[in-house]
Amino acid sequence: MPPQPFRLPQGGRIDRSRSLAFTFNGRRYDGHPGDTLASALLANGVALVARSFKYHRPRGVMSAGAEEACAFVQLGEGARSDPNCRATQIELFDGLTAASLNCWPNVQLDFGVVSDRLHRLLPAGFYYKTFMWPRRGWLTYEKLIRRAAGLGRAPSEPDPDRYEKRFAHADLLIAGGGPAGLAAALAAGRTGARVILADENGEFGGQLLWRDAEIDGEPALRWVERSLAELSSLPEVRLLPRSTVAGYYDHNFLTVLERVTDHLSPFAAPTATPRQRLWKVRARQVVLATGAIERPLVFINNDLPGIMLAGAAQAYIRRHAVRPGGRAVIFTNNDSAYETVAALSEAGVAITAVIDARAGDTAAAEACLRRGIEVLRGHAVIDASGGHALREVTVAPLDGSATALAGAASTLRCDLLCVSGGWSPTVHLFSQSGGKLAFDAASGCFIPGESRQAERSAGAARGSFDLAACLAEGHAAGLAAARAAGFAGPDSPPPQAPAQAMSPIRPLWEVPSPHQGRRDRKFVDLQNDVTAADIALAAREGYRSVEHTKRYTTAGMGVDQGKTGNLNTLAILAGETQGAIPAVGTTTFRPPYTPVTIGALAGRGVGDFYDPVRKTPMSPWHEARGAVFEPVGKWRRPLYYPGPGEGMEAAVRRECLAVRNAVGLCDASTLGKIDIKGRDAVTLLDRVYTNSWGSLAIGRCRYGLMLKDDGMVFDDGVTTRLGERHYLMTTTSGHAEAVFGWLEEWLQCEWLGLDVYLTSVTTHWATAMLAGPRAREVLAAAGTDIDTSRAGSPYMTVREGHVAGIPARLFRVSFTGELSFEINVPARYGLALWETLMAAGAAFGIEPIGTEALHVLRAEKGYIVVGHDTDGTVTPYDLGMGWIVDQKKPDFIGKRGLRRSDLVRTGRRQLVGLLTDDPAQIIPEGSQIVRSGASLAATPVPMLGHVTSSYWSPALQRSIAMALIEGGQDRQGEAVEAVLPDRTLRAVIGTSRFYDPEGVRLHG
Amino acid sequence: MADAVPVARSPLAHLPEAAREMRDDLAVSLRERPLLGLLNLRLDAASEAAQRVKAALGFGLPGEPNRATGEGGRSALWLGPDEYLVVTEPGGEAALARSLAEALQDRGAVTDVSDGRTAIEIAGSRARDVLATGCSLDLHPRVFRAGQCAQSGLAKARIILHQIDDRPGYRVFVERSHAEYLWLWLMDAAAEYRAAT
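Same order as they appear, the protein sequences are chains A and B.
Residue 1 is where the first sequence starts when you use my numbering, and the numbers rise one by one after that.
Residue 1 is where the second sequence starts when you use my numbering, and the numbers rise one by one after that.
Honestly, I wouldn't trust all of these hints.
[Unchecked claim] Residues on chain A that point at chain B, a partial pick, calculated with CB under 8 Å:
| # | residue |
| --- | --- |
| 1 | R166 |
| 2 | A574 |
| 3 | E576 |
| 4 | Q578 |
| 5 | P612 |
| 6 | R614 |
| 7 | K615 |
| 8 | F629 |
| 9 | G678 |
| 10 | V761 |
| 11 | I806 |
| 12 | P826 |
[Said to hold, decoys possible] Examples of chain A residues toward chain B, derived with CB under 10 Å:
| # | residue |
| --- | --- |
| 13 | Q496 |
| 14 | W635 |
| 15 | D755 |
| 16 | L758 |
| 17 | G805 |
| 18 | Y829 |
| 19 | L833 |
[What the hints assert, rightly or not] The calculated label-pair distances, taken between Cβ atoms and stated as ranges, are:
| # | chain 1 | residue 1 | chain 2 | residue 2 | range |
| --- | --- | --- | --- | --- | --- |
| 20 | B | D82 | A | G694 | 21 to 31 Å |
| 21 | B | K156 | A | P123 | 42 to 52 Å |
| 22 | B | P16 | A | G897 | 53 to 63 Å |
| 23 | A | S17 | B | P16 | 45 to 55 Å |
| 24 | B | L15 | A | C749 | 48 to 58 Å |
| 25 | B | V5 | A | W751 | 37 to 47 Å |
Please keep in mind that the hints were generated in silico from the structure rather than gathered at the bench.
All figures in this text were calculated on a predicted structure; none of them were measured in a lab.
Beta carbons: idealized from backbone N, C-alpha and C, even for Gly.
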């Protein structure tokens, strides 16, 4: 075969001076710039492109756009492989590779076609009916069915391409760059409005790219060129080619998928340029100039390769310079297909006949007859035949109702059948916007009804198929949108085109069959292999709602979302249920309009950018030291610092003992810190903490417990009085923002009269916690002008001065039960402080301490961790911390909540210590606790409580645990059992103050 | 050891490219403005104290939401009905905080937050495009101009954005803990435009 045997010698918008080599199903072909994969395949005579989804029937190219329901391919290979791509929208590039979908071993010889021979056994609902027994079997069947059904293959390697997202704001977003969209952009752009014009194709112009038309007295393409030149010169107009407006959401928020480099070879595209960009557009006004989609006609074997929408045939001839066949028949019920007749003649395609469902005389038919082309009026194509390609069609006259045949059938030989069942406005975005559709009986299609957002439809998208009307409506919509957005700029005369006289359409939803009662293969949804008989079956079986029919038959549920088949489905359902089409209604149009790559939705939010890590000033040191980190909120805190060859257990033991016997250093910079100033600062503290704050002297620290209004513990921490009306509150690391928001909520919504100002200083201060009996010596070695002695810096005080020459606040607080200083310095010095303390402490056996050791140390002291020992259902009394609740205060948040009957009853779960009989056994955290000797056979086993904290205590050389136990404070000394999956562990209830209960060490 | 001069580090100090000077030949250039003096100022703008604050600052506080005022190396950004971010040259924060505290006379509050945030400056003809990849605000010059500021999100970080000139140039104030993430994110977002020149 010569190269590109179906390429026309001249015409079209292709660059014949350059050849692009591509591979389809392993065979090499050539095309030209300006080709799509579909047009290049047609030019090379490749009619069979894919196999269908369910029956594996041979399929070719049936459209020239987004509505394609047959020509799906797997594009690219390896990590760049992209499934379910429409060959009609893939711009050809050098080196492109693609393969057919749904076939094995290949598209010519597909074993899956056996399901077509068995189609009588595979009606709609087949899977639901067949694979339900035995019930467990579905788990197996599903895998087999999914493999048989196919669709494309997702790549298993990481996506090597770059994707971006971008926010944009516009006075006007126009979806669709055909005549209406261009006219709208010109009208609005000239007023100075910010306009975004997006079109899914590589070239603007829409159908003007292939239709024979005139605008303003010159060829339409000249007008397109001039319009684009003018739009490019307007600084506030942004042209987005290869950009699909994919979704229309509330408040005029729309998403646009721009395929930035998809038309280039992935190896030729600039690496820093994203492959695709998802625009998130907030538009004050929207114009939908999305055009219309031609409907196929529903007759027997209407899915054969070689059967094509009439408009698409015209596009392939005039835009891509491809002869889509050698001998054509045209089957139509409206005037538009007659333009295709003219295009076919120009391209030298022999025309056997035009089959027009309309019985009467039309001007278009008359014109054909004058040119010697046979027109069979009042006829229909009732059947098509061929193997992998169309060979002949059968035609017969229709009766007056178009529900039966009125005469003998005859056959016509052809390899191309161009069909047109009329046009459906592309109302997807309008419908997504919340607008209601109206049925236009005259054109036999749904058109936009009432708008719900600041949006206007124009041109074919609102059912105006005449070019003059498209231009006028586009201009008017663009201008009105600009005016509505506040732009008074000049009006310009709308572009003009000669008006066309059109004869009415004859609705023909399903061509009658020559015989009754057979399961004819009249496809309604070509992608999901749904036939008219399937729709009828669904209706007979009671699925009379369009939403039920859709789900039962899967009509409209394919990758193409039924763009070509939906209206035919509705009309056939309406016929079966004796209803009217508007009464049947439509299914919901959902975003995206065409599939959006997951990578584009993720954008750059992948890898390290997926979930950003917050870092402290000391983080570089921890990383260099090889710390193992754990997430605490968005922070990553060192969990422990393994020594050479050391596991977690050994490292934690070493770190704990360093604190108990020498000294440890812990990065506590993540602790929440809130600076509180104002005359009413103490009033705020009295209201949000359970204890009293009036007596706290300047320079003193106090521990506080914060409740939610339901009386449950919310947060805890130490607050320090720094001045007459100046306090510093600390919060838990994970709750810092929640606490800040909580306090601001009360100040801004309830306590407007309080003179209190909060400032978050969490990250302004770096905090190094120095703990252990030798802490003072380390401070002295590092150098400080603060008196750190027991008298100079007593427990629960703050002193200001310098440490290692750095201005510092020295808090004498302890979370470990040891002599401890929390040194706060401006964050810029955090790393310098840390490094100095580590160096100064070397002589005293200093170790860096992770959070796990910190947790062990605090548990040895019975100190709680909010969120670990509490879970939002625990009161201060449950924790045995009634001493911190000042019931004499007039009020505090949670005071009333604490009086609720459930919170004052006996038998609530209370925090206690647990010691296992076998000191070597550590109860897993979360273990359920039952009475000693309780039968585990009962259902459910009566539970006493659960373990909240449990560790090996290196200081005590045994395991320790804390647990919430029913009435636990009255069960001291009682034996209980912790239930493990395979055994129970006996333990005795006691105090949770395991280590140094008198607090001698604390005071150093 | 006590005699050693402690090393002050900005959160991006370990990233050498963050210290590079702005370049006019790039469509986008980025740099850190490390260790600026930052003060959180709280006061009732209608109070007498506001007049005294004006004297202490050398210029008046912004009267309108999301505006910035400034002179010399100092600026004041509107953050809320009674909240401002006062920005001054590195090292100037302590003295300015004292004079503002005196001006307040026990009204309102002034808090040093210099170490809590850092500033990344981004400027150039494509700076808006880079910011638009992660910030939902409309930065078109018809909407957002030099002298305006806003609190928003950029990528997954919270920021205060201040347009400082018409290059356009912006200051992005970001939490110290998120500074490294945001710097790397911005460098990545700007890659297309930095590669082009």
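Right, here's what the structure says about each hint:
1. R166: Where the cut-off is 8 Å and the nearest Cβ of chain B is about 5 Å from R166/A, the hint holds.
2. A574: With a minimum Cβ separation of about 44 Å from chain B (threshold 8 Å), the hint on A574/A is violated.
3. E576: violated (48 Å)
4. Q578: violated (51 Å)
5. P612: holds (4 Å)
6. R614: holds (4 Å)
7. K615: holds (6 Å)
8. F629: This interface hint is violated because 14 Å lies over the 8 Å limit.
9. G678: With Cβ-Cβ at 6 Å, under 8 Å, it holds.
10. V761: holds (6 Å)
11. I806: holds (5 Å)
12. P826: holds (4 Å)
13. Q496: violated (33 Å)
14. W635: holds (7 Å)
15. D755: holds (8 Å)
16. L758: For L758/A, the interface hint holds, since the closest Cβ of chain B sits about 9 Å away, which is under 10 Å.
17. G805: Holds, about 5 Å.
18. Y829: holds (5 Å)
19. L833: The hint holds - L833/A has a Cβ within 10 Å of chain B, the shortest such distance being about 7 Å.
20. D82/B / G694/A: 21 to 31 Å: At 26 Å between Cβs, range holds.
21. K156/B / P123/A: 42 to 52 Å: holds (50 Å)
22. P16/B / G897/A: 53 to 63 Å: holds (54 Å)
23. S17/A / P16/B: 45 to 55 Å: holds (49 Å)
24. L15/B / C749/A: 48 to 58 Å: Because 41 Å falls outside the window, the suggested range is violated.
25. V5/B / W751/A: 37 to 47 Å: holds (46 Å)
Taken one by one, the earlier hints fail for this structure at numbers 2, 3, 4, 8, 13, 24, listed in ascending order.
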